[in-house]
Every structure is written in structure tokens, then in C-alpha cells.
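Chains as they are written, first to last, in our numbering: chain A, 4 to 333; chain B, 305 to 546; chain C, 127 to 423; chain D, 2 to 424.
Be careful, since some hints might not be right.
Cross-link-like lysine to any residue pairs, in silico, SDA-like; alpha carbons within 25 Å at most [as the list claims (entries may be wrong)]: (1) K422/D x L353/C; (2) K292/D x I265/C; (3) K375/B x L222/A; (4) K358/D x M109/A; (5) K292/D x L353/C; (6) K92/D x P103/A; (7) K292/D x I187/C; (8) K129/A x L353/C; (9) K129/A x S435/B; (10) K398/D x I187/C; (11) K161/C x D208/A; (12) K375/B x L123/A; (13) K195/A x S435/B; (14) K358/D x L222/A; (15) K422/D x L252/C; (16) K398/D x T350/C; (17) K292/D x T350/C; (18) K398/D x I265/C; (19) K322/A x S435/B; (20) K129/A x T224/C.
Because the hints were derived from the structure by calculation, they are not lab data.
This is what each chain is made of:
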Amino acid sequence: MEQEAPVGVNEDVGDAKPGFSRIAPAVGPLLVLAPLAALPLFGPGPNTVRLLFVTLTLVTASVGWNLLGGFAGQISFGFAVFYGLGAYTAALSINAGIPPVVSFLMGAAVASVASLLIGLPTFRLKGPYFAIATIGVSEAVRVVMMNVPWTGGASGYRIVEKGRFFQMHHYYTALGLAALAVGISIIVRRSKLGLALTAIREDQDAASDLGVNPFATKLLIHALAAALAGAAGGVYARYAAYIDPDGVFAFRNGIAILLMPIIGGVGTIWGPVIGAFVYGLIHEEVVANFPQAHLLIFGSLLILIILFEPAGVVGLSNKLMRVLGRERKD
Amino acid sequence: MPPILSVDRISKYFAGLAAVKDVTFDVEPGGIYGLIGPNGAGKTTLLSIIAGSLRPTGGAVMFAGNDLTRKRSFGAARAGVVRTHQIPRPFRSLTVLENVEVGLRFGHGSHTSHAPQAAMQLLERVGLANSSRRLSALLSVGDLKRLELARCLAAQPNVLLCDEVCSGLTEAESAQVLDLLCDIRRSGTTILYVEHNLKAIMKVCDRVIVMNYGQKLAEGPPQQVQVDPAVIEAYIGRPTGN
Amino acid sequence: MSAADLLNLFIAAVLLAGVYAAMSVGMTIIYGVMKIVNLAHAGFLMLGAYFVFEAYDRFHIDPLVGVLLAFPVFFFLGMGLHWLLIRRIATSDQPTLTSLLLLFGVWLVLQNLGYLIWGNSDRAILTPRTLSSFEIGPISFPTVRLVVFGAAVLSLVGLELVLHRTWFGRSVRALMQNNEAGQIVGVNVQRTAQVAFGVGIAFAGAAGGLLAMLYSFSPDFGATFQLRAFVIIVLGGLESFGGVAVGSLVLALAETFSILVLPASFQPAIAFSLLVLALIILPDGVAGLWNKRRRWV
Amino acid sequence: MRNPFARRLSQRSLGLLSVLATAMSVLVLLSPALGQDKGAEEIRIGVVMPITGREAKPGQYQREGIELAIKQVNDGGGIFIKSRGKKLPIKEIFYDDGSDQSRSAGMAERAMSSDAVVAVIGGYSTALGEAESVMPDRYQTPLITPGAGATAVFSRGYEYIFGTLSPIDLLGYTTAQYLGNLVDKGKLTKGLKVALALENTDHGIDYGHGIENWNKEHPGYFNVVFSEKFDLGATDFSGLLQKVKNSHADIFLADTHLQDYITMHRQYIQSGMYHQMISYGARGPEADARKALGDATNYIIAGIWWSSKLPYPQVKKFNTDYQAFTGHAPDSWYAATAYDAMRALAVAIEHAGSLDKTAIRDQLRKVELKDSLLPGQVLRFGKNGQIQGSFVIVQNKPEDKVDIVFPLDAATGESIAPKPKAH
């Protein structure tokens, strides 16, 4: 079998033109942000806005996951915990009369604290054992939340906000948060922290031998990732106005958050964004249009991606561009 | 001169079997110390203990007055004790330059500011400057060994722990690497050099420690150790008859 | 609670352990040989359940015979799946994300096939055995659970025999202990992996049939069992069959007796807390206990 | 520019990003176009039900009930809409929520916001109904739930939600009332001990409350000695059942979903337990359960919203129509509440005389379905939107017979109480 480059890694492509590459990092985000920010100009229907809103919260959670799973290589199945805690914290705060933005921050903070509590014991485990442990943590937290009386337990919890419902308001909150997440992701990637994360992903012991503290670095990035997932959960909760443990803490949420970067391209900046859009839009349309066969279609899609393009959509587009580039040269 | 590194009655047991047993020696600053012994003598285990990758079962490692015994490997590296690996372990998705940057930005020297060219200078020193932008996963074995060294040097160690840096290299490549070690010593770094190959050790070392079955067998200048009957026996086996 | 009650609870736990062991064996084989966590396990449990159901419903084949028939059928199904998909992903000595997701995809597909073929009814197999139980003094033994327990013990014993008496078993053991060494001494890794995958799926299918005697099932049947099977193989040391028995017993006892001190609604948390605890108390996984010995030698 | 690797990555994806941006713009531009021009010549009604996942079977039965009602309306040419001056047919837009709360809310929202429906019928099971119940007021589109009965759904002051299931606490209350009646008749003795096992949802909580309430009003009849919640979808109930056994209760009342009913009752029988009366809440007479448990379901009582045994002519007609439409007889109550929800909606639309959603809501508040299938024969939504009908208690009898045993005026057979020991 051919030796493949690690997931999310591009082979050397030669040097880029220096002038172009300096503006490139700024152009990318703007290119995505501009049409999304100008959305009302297109006069979209509420359903489009809803779809984009949900997708943007997914983007945030998925970019968060990618900080830990993609950059640091620590695969977690437990992000539903942070998503759910963020959702519940924000819900409780909003009902207590705290302004929504502060509530989202509180959701992020609670998720971060939880990430430390989870990370302290589980980051001593390596590779697959960490992933396995997160499955256990996720399900245990869900069951406990089903039985916590002051959040309504399994009956769920309702957010009551006075005044009219402004969908665009929610939309821009989600857009802002997603932009923040991508921004954080870019900064982390280009920082000293990003270098440490890649080193840990590639060889934790060797990184440690060179002075990188793997444990502390992983805790830090876990907290940051959890904060993003928590804030995303909070934003979603305010929109949904009703949350329950089986919904927000569901194991399948953890799976979905992990699937999106995989579809898009693990360990890249834009992979999780693209993955979240692909997942959010395709999944919704498939569910709506093929209620009898949506699992079949989605499962087959997943199998095909894994077998033929493990680097996700980003990997696929890179391959395409390389092929096109070669033709141009010839 | 006080020793820069002292190993004090270090032992390591794996499931009751002694890999290292009561080893004691001092390393004075500025030399190349050889640590030799046949396969399975416990050299790499000892090196890992000094570097903080392994916890000893008993004993202590002191470095410039600090106790390294309880420190993990990143603590040792930040204090100034850095190791190489026998089989190079590059960060495969990083370029050669970035691999070096990890050492530069997290190692012993990370708190001092350094010129942006520092990484390139190091690569020039080991002869990898032309490959600086290549992915480390694509390097040849020889280049990987050089990268391994460059990365550790980037951490600006006071004591460099080298684990068989010549294994798998051609005669000519080995010679280059050994020259490099001498060069590193000249710039003031102390080297503890684990090697299976006696010839390489004899060429560059100021002092040699011989291990067998996890214990220290002999210690002294290369010429002296070379003729030690216990050492010869360990390497060649007990002479039969005569 | 009287002694007889406690004894009853203990018997229930042991019989539940039998159920757990039966459903975990297949997952262990595949994990042991290929280091793949078979996320499609639930799908094959479900298919096994329907297989035995159809055999009983259409051809009046006794479910126990149905379970035996499931072995060869699912063995070839597993071999086929390996040939079609699994062999295309890179092997590793650790569970890879790729394999997890591939099998997750397979699970989704199997589930949907189940819906397309059998619809969404809750099916169940009802034989005279199903509801009967017999009593010895104050202790009652549900017949089906005894049958399942017996089948689980038989599978474990049978598997041990196969592993120690045949070339396949020796190859499997070699790979389970050390993949590289296995290759060096001339084990055909691909071939062994394919057969092992087949055997793993065969056990999953048969276990599904056994579960069908106990529970009602629909196409999304199996998820809770799959997660528990996973907990069990971690508890049991991931790659030993004796471990499966131990893990099943630990989990069943913990779940059954926890109810004396905890409300029943907390019961599902037991398994997952045990999983996390086991991993943390034994930092390299339970398997690490004996792996550790080798690592630095 | 410290990290050239990062630079390379983001730059490599630029092409892809522009593709993505274009695709998104297209999507955004297209979607309003898709949303418009719908519903001109038809009345679009959204149906959100689970046909996969845990609630798949009941969800399917409810869908069938709705579709039967739609078919009957359309066979008559549709509903006469005054503002259009003609009859318009009903078009069903169906969504599977896969028994998943967030998807269920999302699908309801989708139906209301972009698929131009005038009303949604959806929400089988309390949890899914609660998730959906946020949406109707947000989009001023009426939602009728034929499958969520917990009072919590209707207690939030929402103005666009309606329900054709009577409150669950009434189910608990009626069950206790029925048992009390048996005591009065001397079939059961006074002061019997009751053990409760409730599913850990609002459904279970309401059921427990209902029983408690009746007990408070009628002290001395029963004595609840054990009450515990359990998690839905459990694989093993031996521990719970052992605790029930240890409580030495005379009556065992559980509130479960279908799967749990089957699993729990199998273990109940296997461990040789016996109680004078057994109930699994609203489950009992389902065909799937009969197939799975056989004679073991005999004498189980169930409090349900509807039974095909109800002696009304419209029920007889419904039974035949449903059989013809689906090829099987109505299984328990599921199809009936959904069928009536759709019929009530059709009446409200006709009264509204237009496809205005608020007008339809106003008419739903006044609607009175005089030939309702449900007990009492008249369907009327209460102030909070939920109907306040009554329940029937049915008892399974040997040879697949199911008799209504309560209320007495609708009874088709005598209660067999206490349950015979051997069978």
C-alpha cells in the first residue's frame, strides 16, 4: 500500500508568490464572511436563515473540535458534553434575566471548567484510550443530566424570553461566533501554541523531549475547544427555546461534531467549516427529501469519503487543483 | 570543577527485572562522555531516565544542582538536558524548519529572544539548509538523523544526550556526524553519547562508561577502558581455553 | 432484603453476564486481531436477530438452531464485508479514526436496510421457552436466560479451543500478542484478519439471535448493547476472552446491585462510569497491566 | 508569518472557499424562489412524525390516521375555501424526525417557515411534542399534536398549539379511579399496596401525579409503597423488578413505552412475579406486544385515549376505512387521535374560509367535532389548547380479546379482577 501523508497534511507544493500569500489569510475569511454578513440583501426565507443558523452553530462546535482533534490529534467523542453544558448554562442564565451574550460567555466558561475536570484524568491516557474514555464520560454525563431535578431532568428545560422573536438577531449571533471561532483557529494555527499542538499530534513524547509540556498544552486547547462548543450550544439553546438532555447531550451530537471536520478535512483551518456546511445542508436535505433512505445515503457517503478521500473535501480539492495545475503546465 | 550532571544509584525495574541497577557516575562540563555496552545493557533506559522520559525505580539524577528525578522530559529539556532518539522521530507533517522551531521555541533557550535566522543557521550547521522547506516525512535516514540533532541543538541544551546517532549511517555520514559532535562540544555543550559501536566512541570520547546487564562495569578514559579485561569479556565473551 | 432475594439478584446478574459475554465476544476478536472497534457491531446484532426471527417465523426453525445457522451465514457476510471495505483501510496497532468512521457508516447503512426490509415494527420471538422459568427453592431461573448463558459459555470455551488447537487460532494469537512479530514468523496477516473479521461477525450475528430470544427488536436495535460490549472489552483487557467473561460479570454485577443504592434511572450511567474509572485507575487501559511488562524490554 | 505551514494551508483552500461562497449565494438566492408560489391551488399541511428510531411504530400509525383523514377529505373534492370560491385539495408534506427532538423542532420550523403550510400536525411522544411546541407561536402557524399529552406542553401560554390527547395526569387519575371502583365493587380489597415504576419523562411524572391526586381525594383506598423512575430503552430490569418484588405490593402500575413494556413484562413473567392488577400505563393491547408476549399479556389493563371497541357508529366506520386504507386493523389508540386531529383541522380551515393561519387558529379554538371517535364523541379544545376528554380502561382477555372495562357506560365486558394466578 502506498504510504499516505497523515490526514490533513498536504505534500509540499513549492513556494507561493510572496505578495499573494501575505494577503491570502485575510482574503479567505472575508470571502466567506461577506456573503453571509450581507445575507438580508438576498431576501432569504426563514428556513434558509434557520438552516444557515444551525449550520453556523455547527461550524463553531466543529472548529472547536478541530482545535483538539485536528491540531492536537486528540480524538474526542465527548463534545456533546460541552455543547450540552453550554446550552443548559445559557438557558438557565437567560431565564435568570442575564443578557444573552453574557449567558453565552457563561456557557463557554462552564464548558471550559468541565473540560478541565474531564481532561485532568483522561489526558493521562494516550491515543485511543482517551477517545474511548470520552465515550464513557459523554454517556455518563447525559444520564446524570436526565436525573438532575433543577434543570427539569429528562423533561427538558424551556427558555422563556419576552418580546418578539427576531431570527436575524440569532443568525448574526451565530455568524459572529463562527467568525470568532475561525479567527481563533487561524491565530492558534499560526502561533507558538499551534506549533506545539502539531508536535504533540505527530509525536507526543518527542515533543516533550524538546520542552513542550503535552499535558498542559492539551488541557489548554481542550478548554478553548470546549468554550467554543459551549458557546455554540448556548446560541443554539436560545434559538430552540427548549432543550433536553436526550437532545443536546446525545451521543449522536458528539458524533456529528466529529464527523464535520472529517468530511471537510481534519487539522485544516477550513476543513471543519466546509464539513459543517456539507453536513448541515446535505444532511437536512437528505432527511427532508428521502425520509425512508436518509441513513442509507448518509452512511454510504461516509463510507465513500473514508475509503476514497480520507483528507476530506479539502484534500479532494487540493488533489483537483494539483491535477488542474499539472495540465496547465503541460 | 563540580559535575554538571550526576547520576546517583539509579535503578529501574520492569516487572521485577532490573534494566538498570545502581548506576552512579558524574559528568563534568565540557566533555563528550561515552556510554557503551552490548545490546540490552540498559544504556537507552538509563538515557531515558536522565532525560525524564522514564521514572527510575530508585536513585536520583542531579543537574547543575537541580534534582531532575521527578521532572518529566519537558522539564528536563527546559532545564537544559535534551535527548535525541535512536530512531529519529520527526514531526512528520511539519517542515524541516518547523521541526527545528519546536526546539527553538520550547526548549532551554526559549525564554531568550533569538534572531529569526537562528533556525536556518542551525540547519546550515548540520547541512540541511537546502531542505528547510521540505516536509520532514520525506527526508532520507541520514538527513533525519541530522534533523534529530538540529532539533535538539535548537533547544540549546547544556547537556545533550545522544542515542546512537551513527546507527544506520554509512561510514562517511558517520564521520560527518562525529565531527559535528566535536563541534558541538567546542561550543560548550556537554555530551553524553550512548553508542553500541566501540570504534565511534573511541574516536570522540573523553571518558567512557561501560555498562552490562544494567550495571556499570567500568569507567575511565577510552584507552584505559579498551584494555579492561571485564569490558573485553562483555563484548567478546569469555575467551575459551588458553 | 433477605438472603434469598440477594441470591436471586446474584443469579440474575450472572445470567445477565452471560448475555453480555455472548454479545461482546465478536467485538473482542475483531479488536484483538485488527485493533478495530467494530461500530457496526450493533448492525450485525440486529441482522442476527432478524435472521433467527425469519427462520423461526417462516420455516419454524427453533431459534437455537437458527443461532447455529447464523454462524456460517454471518461468517461469510463478515468475510465479504472485509473483502469489500475493511481491507482497503490501513492497518494499525491502534484503533484508527478511519476504521471507526468506516464502520459507523456501515452501521448506518445496515440500519437503513433493516428499515427497508422489515419496517419499523417491534418484533419478538415467542416460543414456549420464552416465558417459562423453573424454581429451585426460593430461586427462579428464567429458561431462556439459562439457554443464552449456556450458549455464551459454550462460545467462549469453543473459541478458546479453536485458538489453541488450530493454525488459525495460532495465527490469531500471534497477531493479538504482537502484530509485527506475527508477520515476522510468517503469519499471513490479511488472510488471518479476514477470517478473524468473519468469525467476529459470525459471533455478532449469533449473539443477535440469542438476544432476539430475550428482547423485542426493531432495526435500530443494538445500540445500547454495542456500547456495553465496548465497556466490557475495555474492562476485560481488550483482547482476551477470559477478560470478556470477567468484564461481563463485573458490569452485570455492578448494574444489578447498584440498583439497591441508586434509583433505576441512574442505571445506564453505571457502565460508562465503570469504563472511565477502569481507564483512569489503570492508565494504559486494563490491557496496559500486562502490556507494560513488554514495552521497555 | 512565523508558520509557513499554516500559510500554505489557508492559501490552498482559497479556491475551494470561493466555490463554497458561490454555492452559498446560489442557495440563498434560490430558496425564497422555492418558498414562493406554493399553496395556490392546494392546502399544504405539514406532518412531522417519527417513522424511524424509537417511536417509529406509533409515529407510523399516527401518520396513517392523518393520511386516512386527508384521503377522505380529498375524495370529497377537498375543503371549500370561501375566499377562493372553490374546493381545494389537501397536500401533505411529510417529515421524518427520526425520534430526535432537535430534528423534530427543526422540521416543524421548516414546514412553517418555508414549505408554506397552513398548519402542522406533529409530535408523537411528549418529548418530541415539547421540542416542536416552541415553533407555532414563533411562526404564527397552528400546530396540533395528536401524540403529546403531558400538561407541560400546554402550560406555557402558547396560543397556536393544540392537542388531541387528553392530559396524562388524567390517565393516571382514571386508572386509579377504575381501581377504586373495583374496590367499591368488592373485587379488590381496600388498602392494597401499590408499586409504581415510571418512565423518566414528563409522561411518567404526570402519570404518577394523576394517581397521587386520586389517592389524596380518596384516602384509604390505596397505599403507594414504592415509586421509582427508570430510563427508557434499558436492556435489563431485573434490579428494578427485584425492588418491586421486595416492596410486596399488591398492584403494579408502570408507565412505559412499547419496547420497555415488552422487555419489562418478559422479565416480570420470567421471574415469576404476580400482582392482583398490572398496568403499563397507556400500553397494553398493542399487536406487537401480543406477538412478543402471547398469553402473558392477558388481564393487563391499560388506560388509553381510544379503543376500536368503542360502541359508536363512527368508530365502526373508521375501523373499516382504516382496515381498507392500511391493510391492518387499528392498533391501540394511535391512529384515532391523529385522525381526529386532521378532521378537526379540516373543519377549522373550512370555517376560516381562507388559508390565513391566524384565522384557522381562531377557528380551531371554536371547533367542535361532533362525530369524534374519542370517548364522549365530541372533540373540543380547551383553553390551553389541549382537549379534556376522558379515557377508557381496557383489559386484555384470553384469545386476543380486548374489552373496555371502564367507564362503565362504555364497557364491553366485565373486569376480571384480581388477575387469575395461573394461566
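Quickly compare the C-alpha distance for K358/D and M109/A to 25 Å and report which way the hint goes. violated, 39 Å
K375/B and L222/A were given as a pair; does the straight-line alpha-carbon distance stay at or below 25 Å? holds, 19 Å
Decide if the proposed pair is consistent with the structure: K358/D and L222/A, CA atoms, cutoff 25 Å inclusive. violated, 52 Å
Check the hint pairing K322/A with S435/B against an upper bound of 25 Å on the C-alpha distance. Judged against 25 Å, a Cα distance of about 24 Å means the pair holds.
Would the hint linking K129/A and S435/B be met if the CA-CA limit is 25 Å? violated, 32 Å
Compare the distance between the alpha carbons of K292/D and T350/C with 25 Å, and conclude whether the hinted pair is satisfied. At roughly 23 Å apart (the allowed maximum being 25 Å), T350/C and K292/D satisfy the hint.
Hint consistency between K129/A and L353/C [alpha-carbon to alpha-carbon, up to 25 Å]: holds, 20 Å
Quickly compare the C-alpha distance for K129/A and T224/C to 25 Å and report which way the hint goes. Given that 25 Å is the threshold and the Cα spacing comes to 17 Å, the pair holds.
Given the hinted pair K92/D and P103/A, is their Cα-Cα distance within 25 Å? violated, 40 Å
Straight-line Cα separation of K422/D and L353/C no greater than 25 Å? Distance ~39 Å between K422/D and L353/C Cα, so the pair is violated.
Below or equal to 25 Å on CA atoms is what counts here, so check K292/D against I187/C. Holds, because 17 Å separates the two Cα atoms, which is no more than 25 Å.
Verify the proposed pairing of K292/D with I265/C, using a straight-line Cα cut of 25 Å. Between K292/D and I265/C the Cα gap is close to 28 Å, so the pair fails against 25 Å, i.e. violated.
Consistency with the previously given hints fails for numbers 1, 2, 4, 5, 6, 9, 10, 14, 16 and 18, ordered from lowest to highest.
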